[in-house]
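Let's have the full structure, built from the sequences with the hints guiding it.
Listed below are the residues making up each chain.
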Amino acid sequence: NAGVTQTPKFQVLKTGQSMTLQCAQDMNHNSMYWYRQDPGMGLRLIYYSASEGTTDKGEVPNGYNVSRLNKREFSLRLESAAPSQTSVYFCASSDPSRSNQPQHFGDGTRLSIL
Amino acid sequence: KQEVTQIPAALSVPEGENLVLNCSFTDSAIYNLQWFRQDPGKGLTSLLLIQSSQREQTSGRLNASLDKSSGRSTLYIAASQPGDSATYLCAVFRASARQLTFGSGTQLTVLP
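Chains as they are written, first to last, in this note's numbering: chain D, 850 to 963; chain Y, 1235 to 1346.
If you're looking for bench data, these hints aren't it; they were derived computationally from the structure. One should not assume that every hint holds.
What the hints assert, rightly or not - What the simulated footprint calls covered on chain Y by chain D, stretch by stretch (three residues with Cβ under 8 Å from a Cβ of chain D suffice, anywhere in the stretch; the number is not a length):
hint, region
1, 1276-1286
2, 1322-1334
3, 1337-1346
Said to hold, decoys possible - No farther apart than 25 Å at their CA atoms in a straight line, the calculated lysine-lysine pairs in the DSS-like style are these:
hint, chain 1, residue 1, chain 2, residue 2
4, Y, Lys1276, D, Lys858
5, D, Lys858, D, Lys920
6, Y, Lys1235, D, Lys906
7, D, Lys920, D, Lys906
To be verified - Just the calculated beta-carbon pair ranges, DEER-fashion:
hint, chain 1, residue 1, chain 2, residue 2, range
8, D, Thr903, Y, Glu1237, 24 to 32 Å
9, Y, Ser1280, D, Thr935, 22 to 30 Å
10, Y, Ser1280, D, Lys920, 20 to 28 Å
11, D, Lys858, Y, Ala1329, 30 to 38 Å
Cβ coordinates follow ideal geometry from the N, Cα and C atoms, glycine included.
Next up, the structure:
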């Protein structure tokens, strides 16, 4: 019962470095999401993928890119990290065609940009 | 734009009390409303989901209600326990936007 798996769990970067956050789900969900969580602000949507081969911007997409590699995997890339991107990043998946099914979340990636 | 507000931001109660957490949203055109629990340093765990056609859902000591017309939901926790201490997040899903919008959460502390 892996659910949603995120790697890495922790990462420290220097300003200007790049990195990719990985996410995989084993529930055969069509939709996948990337959120960031900052203190006192709840979760904000960065990008989402309604189905394999499609991606759309969320509320805070600037400075990020995503790739829906296949139905299972959805990655988030920071091309040139900035201190403002220090946050906790969560990946989630769901089957939105079923209104009684919640989103399932990974355990998060804690990212610090120095 | 959908906005979700949770009041209070923090709540501390003695063990055994019944309590209510509040969530309000500005756009009533929702697909469903979800309540999550988040423990420190952890991800989100789904507690209850109320579809737009429903009025309430129950799971054990938890009961969530939904009033779409007034843009409000409540999470009722009966006979609170120290293990209930966590942050509780409310989120609404709009089918038109295909995304969840979260409130900023209520941090609950249940004192032994």
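Outcome of the hint check:
no. : hint                             : result
1   : 1276-1286                        : holds (count 8)
2   : 1322-1334                        : holds (count 7)
3   : 1337-1346                        : holds (count 3)
4   : Y/Lys1276 x D/Lys858             : holds, 11 Å
5   : D/Lys858 x D/Lys920              : holds, 22 Å
6   : Y/Lys1235 x D/Lys906             : holds, 15 Å
7   : D/Lys920 x D/Lys906              : holds, 18 Å
8   : D/Thr903 x Y/Glu1237: 24 to 32 Å : holds, 26 Å
9   : Y/Ser1280 x D/Thr935: 22 to 30 Å : holds, 27 Å
10  : Y/Ser1280 x D/Lys920: 20 to 28 Å : holds, 21 Å
11  : D/Lys858 x Y/Ala1329: 30 to 38 Å : holds, 33 Å
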